[in-house]
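Number of protein chains: 2
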Amino acid sequence: MEKFEVSILGCGCALPTIRHFGASQVVNIHEKLLMVDCAEATQLQLRRNHLKFNALGHIFITHLHGDHFFGVIGMISTMALLGRTNTLYVWGPEGIEQALQPQIDIFCQGLTYKVEIHELNANRHEKIFEDRSLEVYTIPLRHRIPCCGYLFKEKPRLPHILRDMIDAYQIPISQINNIKSGMDYTCPDGTVIPHTRLTTPADPPRSFAYCSDTIYKPDITQYLQDVDLLYHEATFTDDEEKEANRFYHSTASQAAAIARDCHARQLCIGHFSSRYNDESLFLQQAQAIFPNTVLAQENLTIQL
Amino acid sequence: MEKFEVSILGCGCALPTIRHFGASQVVNIHEKLLMVDCAEATQLQLRRNHLKFNALGHIFITHLHGDHFFGVIGMISTMALLGRTNTLYVWGPEGIEQALQPQIDIFCQGLTYKVEIHELNANRHEKIFEDRSLEVYTIPLRHRIPCCGYLFKEKPRLPHILRDMIDAYQIPISQINNIKSGMDYTCPDGTVIPHTRLTTPADPPRSFAYCSDTIYKPDITQYLQDVDLLYHEATFTDDEEKEANRFYHSTASQAAAIARDCHARQLCIGHFSSRYNDESLFLQQAQAIFPNTVLAQENLTIQL
Chain A
1 MEKFEVSILG
11 CGCALPTIRH
21 FGASQVVNIH
31 EKLLMVDCAE
41 ATQLQLRRNH
51 LKFNALGHIF
61 ITHLHGDHFF
71 GVIGMISTMA
81 LLGRTNTLYV
91 WGPEGIEQAL
101 QPQIDIFCQG
111 LTYKVEIHEL
121 NANRHEKIFE
131 DRSLEVYTIP
141 LRHRIPCCGY
151 LFKEKPRLPH
161 ILRDMIDAYQ
171 IPISQINNIK
181 SGMDYTCPDG
191 TVIPHTRLTT
201 PADPPRSFAY
211 CSDTIYKPDI
221 TQYLQDVDLL
231 YHEATFTDDE
241 EKEANRFYHS
251 TASQAAAIAR
261 DCHARQLCIG
271 HFSSRYNDES
281 LFLQQAQAIF
291 PNTVLAQENL
301 TIQL
Chain B
1 MEKFEVSILG
11 CGCALPTIRH
21 FGASQVVNIH
31 EKLLMVDCAE
41 ATQLQLRRNH
51 LKFNALGHIF
61 ITHLHGDHFF
71 GVIGMISTMA
81 LLGRTNTLYV
91 WGPEGIEQAL
101 QPQIDIFCQG
111 LTYKVEIHEL
121 NANRHEKIFE
131 DRSLEVYTIP
141 LRHRIPCCGY
151 LFKEKPRLPH
161 ILRDMIDAYQ
171 IPISQINNIK
181 SGMDYTCPDG
191 TVIPHTRLTT
201 PADPPRSFAY
211 CSDTIYKPDI
221 TQYLQDVDLL
231 YHEATFTDDE
241 EKEANRFYHS
251 TASQAAAIAR
261 DCHARQLCIG
271 HFSSRYNDES
281 LFLQQAQAIF
291 PNTVLAQENL
301 TIQL
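As you go down the protein sequences, you meet chains A and B in turn. When we follow my numbering, the leftmost residue of the first sequence carries the number 1, and every step to the right adds one. When we follow my numbering, the leftmost residue of the second sequence carries the number 1, and every step to the right adds one.
Hints listed in this document are in silico derivations from the structure and should not be mistaken for laboratory results. Built from N, CA and C at the ideal position, the CB exists for glycine as well. Heads up, a few of these hints could be off.
What the hints assert, rightly or not - One-sided excerpt, in silico: chain A residues whose CB lies under 10 Å from chain B:
#: 1; residue: Ala41
#: 2; residue: Thr42
#: 3; residue: Ile106
#: 4; residue: Cys187
#: 5; residue: Pro188
#: 6; residue: Gly190
#: 7; residue: Pro194
#: 8; residue: Thr196
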C-alpha cells in the first residue's frame, strides 16, 4: 500500500525541556513530505529522523506562537544551503507573511528557490490545497491567538488489478490504467470483460487531522468524522482543567472525547506541558474515554 | 578562586548535523553568565547544561548569519515565560536591531522585561561594556558579512588576605576590605603594619577571546596577547585552505598560528564544517603548531 505515515519530531510545549522538542510533525503521503508546525530545532530533528529537507514541499503552521513557528527561518535557510530549487509553500494564519518575509529578506539573500507564503482564515473550514493524491483542509480551532488545525485527506485511489485475470485474458499492459479507471476490456474476439472482474476495490482513502493548540472545542468533530488518525493536543491532565481553560488548552480527557465523538480510528495526544515529568497519567485518562490512544513522543512514526 | 569558565553549547557550522549543535557558548564570570552567539536550539542546550536562563545578562552576537543568531528570539521568548524582570542586553553588528526588534514586537507582546539591543561597529577594537569584575572588547574579524569577535577580560582582583596574620594582630573584620585595597593597618598601640605583610598578591586577571567566523587574520593577535583561552574557528582542515579562503573561514593550522602568535595559554577550535565525520585531523594539524589545543564539543566546560 502507498505510504501514509506521520512522524513526530517534537511534542513539547512552550518551555524547553530535556525530554521534548517543540511542536513539529512530518506527514509522508505517497513519498511527498508535508510538515505541520515547526518549532525551533525542527531542522535538527528532521536530520535525526533521516527525512530529506528537499522532499518537503509544504510547511503548515497552526498559529504564530514561537514554539510552533521559530524553526521555519532555519529550515528555509538550510534548504538554500542544500541547493533547493523547487518552491516551498508555507501556510499559516494571517500575520505569517509579516512574521516571515522580513527574516527571509535579511537572512536568505539570493535564495535559490521560491518561498510562497499563504495566509489563511483560521476561522474557516475550507480546502486550501489539493494535488493528485491529497487534499488539505483547515480546521478552525480556538486558542489565545488565531489558530487552525489541518486535515490531510488522501484522494480516492484506483482499484487493485487482478494480475491472474490479466494474464488469463492476455490483456496488454497499455490497457491496465483504463481498466483501473473503470473501463471494460474488449477481447480481440469481441468478448467484453467487465472491469469489475479484473479488479478488486481500492483501499479506502485515509486521513490525518492535526489539532493543536486549542481549548476543548466539540464542534470540530463535524470536520473530523471517521478520521484514521487524530493528533489532538493535551497540554494538561484532567485535574488542571481550569488551567487548560485559562490558557486555551485541552486536557487528556477532552482530547479523548473529541476522538470518541468523531469516531476516529486512533488518537495520538501531545503538546504536554513542561510541568510533567512523565505522561503516563495522560494516557490513563485518555484511554478511559478512548482506548485506542497513544502518547506522542519524539521520533515516533505512525503508519496509517 | 572565583569562577571563570566557558561552556560550549554548540560548535557546528551552518548545516545541521546529528553530531553538533550550532554556535553558542556561555561564559561564567563570577557567577554572571554571558552568551556568545546563539544558534537555533541554544535554549535546549542551555537546559541540558543546567544553566539558568535568567542568570544570563548579555548575548553577544558575532554576525548575522542564522547559525549564530536564530536562537535569540526563542531565548527572549522563553525568558519571558520564566518571568524574567531584569534587562537583557543583546549586542551585535549593525543590522541586529532590524533583524530582532520586529520579531520581539510580533512574538513577545507584553514582555515582562526590557531587551536592550546595542549595535556595534564590527571594524573596531573597543571596549563595549564593563562592570565591577569584567570588561568586554570587540575584535574586528573578516567574514562575508560584518563580523566581530569578543574579548572578555577579568578586572584586576584584590589580594588574598592572610588569615593567620589578621588573627595574630587581632585586626577587626571591618578593616579587611581596606587592607585588601592597599591601606596599612595601625594597631591600637600605634604600630603600623604594612598591608603587604597582611596579604599575598592577587591572582592575575584572566581572559577569554572568541573569534568566529573569520578568514585567517593575523593582525588580530595584537588584541589577544597572552589570552588565557582562545576559541578560534577552524571550519576546514588544512587541505581545504582554498575553500576556507573562498568562504572567509579558517583552517586548523591557521587557528593554531593565531594562538601561537598571541601567546595564548590554551586554544579551543570549533565551527567544524558538516562535511567532517570526526575531528581528529583538526586536532592533529592544530597541535603540530600549538600543542595546547583542544577540540570544541557540546557540553564541554573549560575552567580558566
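Item to check | Non-conforming hints, listed in increasing numerical order | outcome: When the structure is compared with the hints, numbers 4, 5, 6, 7, 8 turn out to be violated.
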